[in-house]
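**Q** Protein sequences appear in the order of chains A and B. Just so you know, we're using the numbering used here here: the first sequence kicks off at 1 and counts up by one. Just so you know, we're using the numbering used here here: the second sequence kicks off at 118 and counts up by one.
Possibly wrong hints are sitting among the right ones.
[As the list claims (entries may be wrong)] With a Cα cut of at most 20 Å, we get these calculated EDC-like pairs of lysine to aspartate or glutamate:
hint, chain 1, residue 1, chain 2, residue 2
1, B, K173, B, D209
2, A, K11, A, E83
3, B, K120, B, D183
4, B, K120, A, E44
5, A, K71, A, E83
6, A, K71, A, E28
7, A, K71, A, D86
8, A, K11, A, E78
9, B, K173, A, E105
10, A, K11, A, D86
11, B, K134, B, E118
12, B, K158, A, E44
13, B, K158, A, D24
14, B, K120, B, D209
15, A, K71, A, E52
16, B, K120, A, E56
17, A, K14, A, E68
18, A, K57, A, E44
19, A, K14, A, E56
20, B, K158, A, D86
21, B, K158, A, E52
22, A, K57, B, E118
23, B, K134, B, D209
24, B, K158, B, D199
25, B, K185, B, E118
26, A, K57, B, D209
27, B, K134, B, E175
Please keep in mind that the hints were generated in silico from the structure rather than gathered at the bench. Remember, it's a predicted structure, so these values are computed and weren't measured experimentally.
Next come the chains, spelled out residue by residue.
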Amino acid sequence: DTGVSQNPRHKITKRGQNVTFRCDPISEHNRLYWYRQTLGQGPEFLTYFQNEAQLEKSRLLSDRFSAERPKGSFSTLEIQRTEQGDSAMYLCASSSPTGRKRDTEAFFGQGTRLTVV
Amino acid sequence: ELKVEQNPLFLSMQEGKNYTIYCNYSTTSDRLYWYRQDPGKSLESLFVLLSNGAVKQEGRLMASLDTKARLSTLHITAAVHDLSATYFCAVDRRYAGNQFYFGTGTSLTVIP
């Protein structure tokens, strides 16, 4: 198991372009999360999936953002018509909660750093 | 909305000294997490605290949780340079999945 994998690691794009990021969670994990982190701040929740169902979305997730997890495995996060304010680190995490509280721990990927110029 | 506050935000300490980072949160939660983040890197899980009075230790770090006071502490004993990083606490909403609310982080610099 190689942990949570994200790609690309870095993305520079021009304002107005669309970008898509991919996250491959730990294979047996059924929950997958997207977070955004700006410099000097803690990660902010964007959305999460349980299997293929998107169960919750933050108010931060404007209509330019869309996330999918089509087969309950990998997930993609797309940002349309990027703005400079979208520049941030986008982190993916996964977990596999069961009836035991112990399994609530989430493991994070290396993140995708987006720079909108 | 659940709010998580950490203090101090910045901490510079000499090697060999002890210090405590505090994490306060605003609403009921009985699960608290501590993460470490090195510059440009992702978050590494340090501790998961699942009940009132929980205490966990790993090396020079010890974390505790008081759910009644809505307070967690991360105590650093005899700091070494390798502990320099940003430390985040996070809580999740009780009965509501794993939407973590993170604190703003404590940037720790250990000076030789």
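**Q** Where does the structure disagree with the numbered hints, that is, which hint numbers, in rising order?
**A** Checked against the structure, the hints that fail are numbers 5, 7, 11, 17, 19, 21 and 23, while the rest are satisfied.
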